[in-house]
Amino acid sequence: MSLLKMYETFPITIDHAEGCYIYDKSERKFFDTFSGIGVMSFGHSYKPLLKTLHEKMEKYTHLSNFFLDNDAIWVAEKLESFTGKNGTVYFTNSGTEATEAALKAIKKRANSKRNKIVYFENAFHGRTLGALSINGFKNLREPFDPLLPNTVQLKFNDFEDLNKYFELFGEETLAVFVEAILGSGGVLPIDLNFAKELENYKKKYNFILVCDEIQAGLGRTGRVFSYQHYGLTPNIITIGKSIGGGLPLGATIFLENLSQAFEKGEHGSTFAPNPVSLAGAKFVLENMPDLLTDVQEKGDYIVKSLCSKKLSKVKEIRGKGLMIGIELKDEDTSIKEKGFNEGILLNVLKNKIIRILPPLNIKYDDIEVMLEKLEMILSDS
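Under the working numbering, read the sequence shown as residues 28 to 408, first letter to last.
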């Protein structure tokens with residue numbers, strides 16, 4: 028096989044996908060709880076979005092950054108407006124590249140007395156060498172050591188660990204990266220008081236706070252950004268996954284005094300922002316805000332429905348909006364296969380946590396289908 032095998036793929040030969048469903052060549056349909064791992068905010072093959080992309084492609088598919096696409100201005104201004112602050116936007120091809128841009132802007136401001144970059148255990152900020160340096164998964168980092176120096180891992184939601192660190196190294200801390208809701212780390216929200224404590228240290232030591240909104244951002248939790256649930260005040264926001272409407276795009280938002288993050292020539296990209304991806308982003312940002320109330324209500328409905336079933340295999344159900352984690356009491360190496368046999372595709376973390384990321388515009392009829400299938404695989408009967 029010429030393809031380097033990096034993923035355990037499902038045994039499906041896909042014919043097409045629509046809404047919440049993926050269809051194989053025999054026309055068997057599977058409920059898709061991935062949504063492209065949070066990418067497809069409007070589900071698969073959403074016709075109004077496809078129409079927008081096609082219209083842009085008929086004009087041009089790529090120009091380079093020596094020409095300005097007006098959609099880039101519109102999308103940047105919209106993203107800035109969602110923060111409620113003044114800022115600038117740097118476009119990337121992915122969330123990982125958004126992390127890299129944030130890291131470069133931060134490293135540019137480092138000195139011998141102030142250079143430590145804090146991140147949290149089980150936080151996922153990307154896989155490039157820079158992003159790996161602040162990736163909270165030891166198994167992903169270690170094969171590539173040594174990475175960037177002066178990075179420090181703390182325990183998520185651990186007050187003792189946080190306080191001990193800042194008592195010793197507060198003055199040396201240049202930046203802190205945080206996911207308000209750990210995505211790959213198990214759909215685990217930040218504790219409100221932990222977020223408050225982090226904010227107190229930010230005010231005291233004036234470090235750069237980077238909120239990673241690559242998975243949890245852009246409406247996924249019922250707010251435009253997930254950090255808005257927890258009172259965090261970022262200086263930098265990283266975005267990826269859903270912003271391009273299914274096409275590769277990311278962004279780093281630099282706020283207030285960090286707005287001039289780079290000088291000309293210090294950073295750049297051949298492809299970002301791709302014009303067709305920008306058209307997708309414009310569609311997403313125009314239409315996502317109208318879904319926010321529904322996202323909260325539907326997320327609450329899903330969690331309440333699952334809890335009411337008293338599923339025997341479930342330890343805890345958590346999350347915000349349509350970013351839901353179902354933690355099992357025990358590891359189950361066959362849970363993906365069980366789901367597959369019931370016609371539901373599951374994203375399972377560490378054989379113990381099912382991550383549910385349905386489209387933001389999911390219909391209640393489809394929610395009922397998903398709930399029925401989940402009940403079948405999560406109860407002993």
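If you are wondering where the hints come from, they were derived from the structure by calculation, not from laboratory data. Warning: the hint list may mix true and false statements.
[Stated by the list, open to error] Quick list of simulated restraints, FRET-style, between CB atoms:
id, residue 1, residue 2, range
1, Met84, Ser296, 16 to 22 Å
2, Glu169, Lys365, 30 to 36 Å
3, Leu319, Leu398, 50 to 56 Å
4, Leu219, Glu45, 18 to 24 Å
5, Glu293, Asp407, 54 to 60 Å
6, Glu199, Asp172, 35 to 41 Å
7, Lys365, Arg154, 34 to 40 Å
8, Trp101, Glu293, 48 to 54 Å
9, Ser296, Glu45, 29 to 35 Å
Here the structure is a predicted model, which is why all the values come from computation and not from measurement. For every residue, glycine included, the Cβ atom is placed at its ideal position computed from N, Cα and C.
Broken hints, numbered, in rising order?
-> 3, 4, 6, 7, 8
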